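S.K.: What follows is each chain in one-letter form.
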Amino acid sequence: MKTNHYKRLAALLLIGALASACATPPPSAAPAQPAAPAADQTFTVGMVIVGPMNDKGWNEAHVEGTKYVMEKMPNVKFEYVDKVNPADRPNVKGSQVADDLIAKGAKVVIFNSDDFKDDALETAKKHPNIVVIHASGDYAWKEGKNYKDQPNLGNLMSKMEPGWMIAGCASALGSENGKIGTVGPLINEETRRYASAAYLGAKYCWENYKKRDPKELQFKITWIGFWFNIPGVTLDPTKVADDFYNGGFDVVMSAIDTPEVAVQGKKAAEAGKKVKYHHYDYKGGCDLAPDICLGVHYYNWGPGYLKIIQEAMAGTYKGTWTWAEADWKDLNNPDTSAFGYIKGKALGAENEKLLDEFIKGLGDGSIDLWKGPLNFQDGTVFLKDGERATDQQIWYLPQLLEGMEGPSR
Amino acid sequence: MEGTAAPQTMNPPAPIAGLPPTVYRIGAFVISLILVALVIFISGASPATVIGRMVGGAFGTADQIGRVIATLSPLLLCAAGLVYTFNAGLYNLGVEGQITFGAIAATWTLRLLYPEGATASLLPPPAAIALAILVGGVGGIAWGLLAGALHVYGRISEIFAGLGLNFAATGIAIYLIFGPWKRPGVASLSGTQPFDESLWLGTFGRTEATPVALALGLMALIITIGVMRNTYFGLRLRAVGRNLRAAYVLGVPARRQLLSAFLICGLFAGVAGALQVVGVFHRLIPNISSNLGFLGLLVVMLVNFDPLWILPVAFFFSALNIGSLQLPLSLGLESSLSGVIQGLLVLFALLGRGLAQKYGRKPEG
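As they're listed, the protein sequences go chains V and L.
When the letters of the first sequence are read in order and numbered with my numbering, they come out as residues 1 to 409.
When the letters of the second sequence are read in order and numbered with my numbering, they come out as residues 410 to 774.
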């Protein structure tokens, strides 16, 4: 008799499942027509933030960018939802948050993480009248590999690679033993090219300024699996940072959103270890442990967002892919530079001069590190002698570079 | 002899005379609501505004209503499944793992039929989706029966067996997402490559609610109500739950009953997991269960294992779940407040149940 029940149950389920077969996928959206509201009205911009808003890192840098916009344009109001990730908000998708933001009147929605690329596209398709900005990502890059013809979807990213070279250089200058560790997030194109840029900067300064043997330089990266710690799911960045500090690495670079590298570095230094750290993302990163901070390369999202929002308000925004450059004449100019660099106390006067020289060289093009000969980690050729990497080759870097320790994919 | 042959399960202590059990439960619920209001007040908001916004956030737009329904469907499946295990006296905390493993099985099926980039396959997309849901159910059964076997044959508490298997299922999902099923060139916890839109379950208009998921959820519930009320199987299940040893002595095949409960719960949870893949996320993510299994446990405990009341309570929790997004969105409240609200409700639901069992008047019959 029981078997009959199961059979009936299974049959019913099967029928139900087969019935599902008749359902159709959602229709795709009509072409974009960005809205043009009156200039005196409040213009609402929604921001979907992957981590905590006050993380002293990536996410807080975005919030700083929105403050900049609101200063310049008092009639713009931002609505934020932070911690939009499956660990913090289990039953919430980025696209759903965007739907709610739009329902609340947002005319522009910004997704602030690479991980939102699917959500950004879904939102742009569903709301063709809303400007959707995916900070990072390449869907709007016509010359890119993943171009999607979605007129109301744009990408904005700071061209941070030179920033990473500066970070790598500062780390090499600050290191005594040449052991530089990096606490990395997850592995993708963005993080590969960043880590590689840092390595190129470190190698250049180790050899040319410190006049040390490149063989003495150990550049190791440990990926934790996400942009920040998710207990039980990612590696714990606190432990990874500790492992570096305890394992003889005298400089540890942070490439994640949150400040564990600084916090653990401070503890290690207080315990008597001669260690230094390099921060990332957020302007105030050196304030976490000023005495051992070598520097911080930080995002300046304000000007990029301002331009997009002005265009969206005027109804002239067209989805473009923007890889915003630094202002080499004035790296820390809040109105013109897509990223900035603040030197830390631990760098020292001597090294500051060398770092300035390096920055100057990057700015005027006399130092060009994306130039061959360069090999990939597995020994295959990335760039032949004298060959310069194209934007595509840099953006879609398939592997880490030869000489780096840590997995490429 | 019975002691060795039949596994031990927990029996509710005999209720002693007092107020009707419902009073304790409702009382606990009311107290939890007062505490929730107090917490909201302390965090600097007006409870009325918060509740208003949350209701608005759950039913304000078609999208939001769609999301409530999209959450309700797997919740109904899980809750319906848990009715069997609870009535058999089992605390099937492994339901989360059963959802996850169902989702893994469904993803595996779709990946097999439509490898990355493939647009055509042996089975057309609708049939592939149906098969994925079915295989998801089978995956859930496997995970459920594993917990059941550990409990029945290994004499391990089903709570620990279930929790352990939850970790194992999540571990497998993470391994697959990071390893064999990772996106090209990417190792991230954001999940596998999304399936082609042809493999997404159809929705009501442009919302996230899918008729198929809702139909399956409601069907599971209706079947469960029928089984528990009108069948010998349901009766025997309750007998095993009330007093395992007595049921065994009276000739009820206890092991089979217990394993059947795990099987059915696993099936429903596995289908829910498959629906999370084909209907909601369209890919496998580490937390694919979205904690809906735990929410399902709460629902079933709140209704005192009576499937008749599952629908309204599950609906309430789905709305709470969706509406809570408004806390950070329109009130600027710390987003974890919604977790506190849910936690308080859970805690007091359990407390109410405990008090009802201890002091509640035994109902007639």
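If you're looking for bench data, these hints aren't it; they were derived computationally from the structure.
A quick note: this is a predicted structure, and the numbers were derived from the prediction, not measured.
A couple of the hints might just be wrong.
Not the full set, but computed from the structure, chain V residues with beta-carbon under 8 angstroms of chain L [as the list claims (entries may be wrong)]:
#: 1; residue: K77
#: 2; residue: V92
#: 3; residue: D99
#: 4; residue: D100
#: 5; residue: G105
#: 6; residue: Q377
#: 7; residue: V381
#: 8; residue: F382
#: 9; residue: K384
#: 10; residue: E405
Virtual Cβ for every residue (Gly too), placed ideally from N, Cα, C.
S.K.: If a hint holds in the structure, say so; if it does not, say that too.
M.R.: Structure-based check of all given hints:
no.: 1; hint: K77; result: violated, 12 angstroms
no.: 2; hint: V92; result: holds, 6 angstroms
no.: 3; hint: D99; result: holds, 4 angstroms
no.: 4; hint: D100; result: holds, 6 angstroms
no.: 5; hint: G105; result: violated, 11 angstroms
no.: 6; hint: Q377; result: violated, 14 angstroms
no.: 7; hint: V381; result: violated, 19 angstroms
no.: 8; hint: F382; result: violated, 15 angstroms
no.: 9; hint: K384; result: violated, 23 angstroms
no.: 10; hint: E405; result: violated, 16 angstroms
Of the numbered hints listed earlier, those contradicted by the structure are 1, 5, 6, 7, 8, 9 and 10.
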